[in-house]
Amino acid sequence: MQKTLQTLRSQRRNRFRILACIDGTEDSLITVRFAARFSVQDNCDLIVLFVRPIDSGLQSGGLQVRLARENMLEAGFELPGVTHLKQALEALRQEGLDVGGWPRESRRSEAWGDPAGDNKLEFASPGGRTVVLKLKTAPDVASGILDQYELGPYNLIITGHPSRWTGELMAVFRSGIVQTVTTMAPCSVLVARNSFDKKGFFICTDGSPRSTQAVRRSAVLARVTGEPITLFSVAASPAGKSAAEDAVANAGALLKAMNIPVAETRVAVGRPAEEIVEAGSLYQVIVVTDEGRSRLARLARGSTATEVVRKARTSVLDVR
Amino acid sequence: MKPEEFSLARDSLQAQEPSAGLRRFRRRGYQRFLAFMGDIDLAFVWKRRWFVITMVVGFVLMALPTPPGLTHEGQIVLVMSIMATMLFITEPIPLPTVPLLIIVGQVVLLRADPTKVAQSLMTDSVLFIMGSLMLAVAIVRQRLDKRIAWWIVRMTGTNVYWISFGITAVCGVIAAFIGEHTVAAMMLPVGVALITLTSGDPRKVHNLAAVLLFSISYGCSIAGVATPSGGARNAIIISYWKDFFYNPADPATRRFLMDYVTWIVYAFPMFLLRLPIVTALLIFTFKPEVTDMSRAVARLRTQVSMQGPMRASEWLTILIFALTIVGWVTLSNDLGLGIIAIGGASLFLILGLVRWEDINSGVNWGVVLLYAAAISLGVEMKATGAAAWVAGSVFTVMREIGASDALGFNAVISLLTIAVSNTMTAGAAVAVLAPIVLKTAVAAHQDPIDAGFITAISSAFGYLTPAAQPAFTIIYASGFLKGSDFFKIGIRMMALSFIVLMAISVLYWPLLAP
Numbered sequence: 001m002q003k004t005l006q007t008l009r010s011q012r013r014n015r016f017r018i019l020a021c022i023d024g025t026e027d028s029l030i031t032v033r034f035a036a037r038f039s040v041q042d043n044c045d046l047i048v049l050f051v052r053p054i055d056s057g058l059q060s061g062g063l064q065v066r067l068a069r070e071n072m073l074e075a076g077f078e079l080p081g082v083t084h085l086k087q088a089l090e091a092l093r094q095e096g097l098d099v100g101g102w103p104r105e106s107r108r109s110e111a112w113g114d115p116a117g118d119n120k121l122e123f124a125s126p127g128g129r130t131v132v133l134k135l136k137t138a139p140d141v142a143s144g145i146l147d148q149y150e151l152g153p154y155n156l157i158i159t160g161h162p163s164r165w166t167g168e169l170m171a172v173f174r175s176g177i178v179q180t181v182t183t184m185a186p187c188s189v190l191v192a193r194n195s196f197d198k199k200g201f202f203i204c205t206d207g208s209p210r211s212t213q214a215v216r217r218s219a220v221l222a223r224v225t226g227e228p229i230t231l232f233s234v235a236a237s238p239a240g241k242s243a244a245e246d247a248v249a250n251a252g253a254l255l256k257a258m259n260i261p262v263a264e265t266r267v268a269v270g271r272p273a274e275e276i277v278e279a280g281s282l283y284q285v286i287v288v289t290d291e292g293r294s295r296l297a298r299l300a301r302g303s304t305a306t307e308v309v310r311k312a313r314t315s316v317l318d319v320r
Numbered sequence: 001m002k003p004e005e006f007s008l009a010r011d012s013l014q015a016q017e018p019s020a021g022l023r024r025f026r027r028r029g030y031q032r033f034l035a036f037m038g039d040i041d042l043a044f045v046w047k048r049r050w051f052v053i054t055m056v057v058g059f060v061l062m063a064l065p066t067p068p069g070l071t072h073e074g075q076i077v078l079v080m081s082i083m084a085t086m087l088f089i090t091e092p093i094p095l096p097t098v099p100l101l102i103i104v105g106q107v108v109l110l111r112a113d114p115t116k117v118a119q120s121l122m123t124d125s126v127l128f129i130m131g132s133l134m135l136a137v138a139i140v141r142q143r144l145d146k147r148i149a150w151w152i153v154r155m156t157g158t159n160v161y162w163i164s165f166g167i168t169a170v171c172g173v174i175a176a177f178i179g180e181h182t183v184a185a186m187m188l189p190v191g192v193a194l195i196t197l198t199s200g201d202p203r204k205v206h207n208l209a210a211v212l213l214f215s216i217s218y219g220c221s222i223a224g225v226a227t228p229s230g231g232a233r234n235a236i237i238i239s240y241w242k243d244f245f246y247n248p249a250d251p252a253t254r255r256f257l258m259d260y261v262t263w264i265v266y267a268f269p270m271f272l273l274r275l276p277i278v279t280a281l282l283i284f285t286f287k288p289e290v291t292d293m294s295r296a297v298a299r300l301r302t303q304v305s306m307q308g309p310m311r312a313s314e315w316l317t318i319l320i321f322a323l324t325i326v327g328w329v330t331l332s333n334d335l336g337l338g339i340i341a342i343g344g345a346s347l348f349l350i351l352g353l354v355r356w357e358d359i360n361s362g363v364n365w366g367v368v369l370l371y372a373a374a375i376s377l378g379v380e381m382k383a384t385g386a387a388a389w390v391a392g393s394v395f396t397v398m399r400e401i402g403a404s405d406a407l408g409f410n411a412v413i414s415l416l417t418i419a420v421s422n423t424m425t426a427g428a429a430v431a432v433l434a435p436i437v438l439k440t441a442v443a444a445h446q447d448p449i450d451a452g453f454i455t456a457i458s459s460a461f462g463y464l465t466p467a468a469q470p471a472f473t474i475i476y477a478s479g480f481l482k483g484s485d486f487f488k489i490g491i492r493m494m495a496l497s498f499i500v501l502m503a504i505s506v507l508y509w510p511l512l513a514p
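For the record, the sequence lines run as chains A and B.
Heads up: the first sequence begins at 1 in the numbering used here, then just goes up one per residue.
Heads up: the second sequence begins at 1 in the numbering used here, then just goes up one per residue.
So here's chain A without its partners, still in its complex pose (with noise of 0.2 Å):
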């Protein structure tokens, strides 16, 4: 068992897997539309899935939701979610990837003894992409999607933008759905806001060797996507300018070694989550990178990934 499932990982590695969270309103398609976007290439994997909290708990009624279930089930009811992963199949069509013609498969797994369990429908294109729909089942939502991501890995999980953020010291007690993904999420994030009447990726740098990382692996991203790449840095003050020239400029740099274009280069002085926020706004899609802090560390030293994720006007890839 063990072995079969690292032989499968070591398989899902050499692959461009994407995790596209919705959660049945219409805005949280934005995910499945992105994760269209970017996995242009057959070696991608696309998963579309929808986390159902777990039919217990006395609030409802406990065993007897259950039983309502059960019963529903029996009667040829859908379940919660089948509608919203329909709806994200159309938004697949829509955006080019019409999976109806390709051959499926679907599973059926026991999870947490609810009656509906995990189930899946997978879609795999003759050329090696696959599209799957999933209904996970799970004690809560972002222990569903983090859950996930185990049996994946992922290379980025895409989740829609919350209505509101809880502040970092709250955050060490509670937080939304989308917040605790993004920061316990193993990957990178993307955290997609409406943002498709806008063009390019607007790449943050700090100069840092985690940054250079980041800045790479992002341009691949737009390269292979076709969106235009803004090379970006702040300078916390005017001192420090030069700095922030030569951090995007070595980026640059970088990315001409491989052979990709860069369309802009920008420095900006001030605070940099503020200017990145202010500056990124014109652009489909601000990466920044994680620095890697934990709750409590974020909490004492600030996290300026963090505050962009949280205060962009525009969708916002978190590189890790």
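Note that these hints are calculated values from the structure, not bench results.
A virtual CB, placed ideally from N, CA and C, is assigned to each residue, including glycine.
Hints are supplied without guarantee of correctness; some may be wrong.
[As the list claims (entries may be wrong)] Cβ-to-Cβ under 7 Å is the rule here; a few derived chain B residues that face chain A: (1) Phe6; (2) Leu8; (3) Ala9; (4) Asp11; (5) Ser12; (6) Leu13; (7) Ala15; (8) Gln16; (9) Pro18.
We have chain A; now place chain B onto it with these hints.
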């Protein structure tokens, strides 16, 4: 490089290795914790707070040193009674769970023989309660309500005062034998029909609705003590008298084997005396908007005539009911109340007048269990000396406050019972209080028969809220009455009932004593 020369999997964002080992174990543990927390409902815990408080109070009281004069077993039984009372009053758990806990407690805490505990649960009184409920379902299923109502108005005419009196009297007479909630459930449709036939807008006839509906509920309530079969509380007291005082070797104690007729002689006057009071009080409290109900009566007559003549099943129902009452009156000394009740219910089933499924769904079996366990606990209170110990303490207090004479004694135990029965079901109040009251009567040199009647009758004086009595709850469900209506009439009725009871206890009952 051209875009197609890049491999997203190799060159773009990377997938980190999923957590393994300890981290995976922690993550799964966290998810299980989330699932567990999902099952914990703080509101649910809050609703159960009185259960937790009761358990804590119980364990603390049991751990305290045993008071002088009380055995350790007596202490445990007393604490169990206190815990049961707390659970009866606060109802943090389904009521039938309390008797289950009492049964478990008797075996686990008192080290009682399980077989003996099981035997103590099924007495003739419990059979009687069970049989009465089964009879009640069988009778209600026959839908005799409109015929009874038509019979009432034929006797009383169309004046609302007389109709009110007629309803109270007839409901009372029936409820004296088969249980108040049964009659209330049976007659409520008639009351509502009379109201709606009078006016299409219930708000315009609110006072009339109050008079008619309270006539039903008070008729049922005041008659519930009139005969032994009127309510569970009566059967419980009869059972206690026998268990506590009857000694086959002593002929003088034969009076504690209370028979049906003797009970009627003692308690029926409480019904008869209060019958005119109820109507007068209702008319005085709620001045009805309409006094002539000829229009409603005419419509009722039409509805009854559409039912056609009495069917054979209806005649059979009346026959079996009459036979059962005759059996109670004449044979209960030899056969026991319970056997006759069960025999009557069996007849209904044999003749196909009611289906077992209807009885099964119509009877609240948890109530039977409740009374069985409460009686069993009461017997244990006597056996362990707990009742006598509490009675001694209560009597000392009563002597200090100058309530040691007959009237003072009766007043104190009546008020105590009223107070308790306004917070919990009457049967449970009697089951918990009666052992103490009866033993206190012995200590105070008062007649335990009188004390038992005071307790049983006073337990029916819970008139203040819609939830105080089953009959009240049923008529409240019609939606014609407000909660404040119950208090407005209830406080007056309670005061008058108390005065009538005290008068009977000092003027009438002494005449019946040997």
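Hint-by-hint comparison with the structure:
The criterion of a C-beta within 7 Å of any C-beta in chain A is met by Phe6(B), whose closest approach is roughly 5 Å, and the hint holds. The beta carbon of Leu8(B) is positioned within 7 Å of a beta carbon in chain A (closest approach about 4 Å), and the interface hint is therefore held. Given the 7 Å rule on beta carbons, the hint for Ala9(B) holds: about 4 Å separates it from the nearest Cβ of chain A. Proximity of Asp11(B) to chain A holds as hinted, the smallest CB-CB distance being about 4 Å (cut-off 7 Å).
Below 7 Å, beta-carbon pairs count as interface contacts, and Ser12(B) has one with chain A at about 4 Å; its hint therefore holds. Annotation: Leu13(B) was flagged as interfacial toward chain A, and the flag holds, the nearest CB pair being 5 Å apart, inside 7 Å. Hint status for Ala15(B) relative to chain A: holds, with the closest Cβ pair at about 4 Å, below 7 Å. Below 7 Å, beta-carbon pairs count as interface contacts, and Gln16(B) has one with chain A at about 4 Å; its hint therefore holds.
Taken as an interface hint, Pro18(B) checks out: its beta carbon lies about 4 Å from the nearest beta carbon of chain A, inside 7 Å.
Against the hints set out earlier in the document, no violation occurs for any number.
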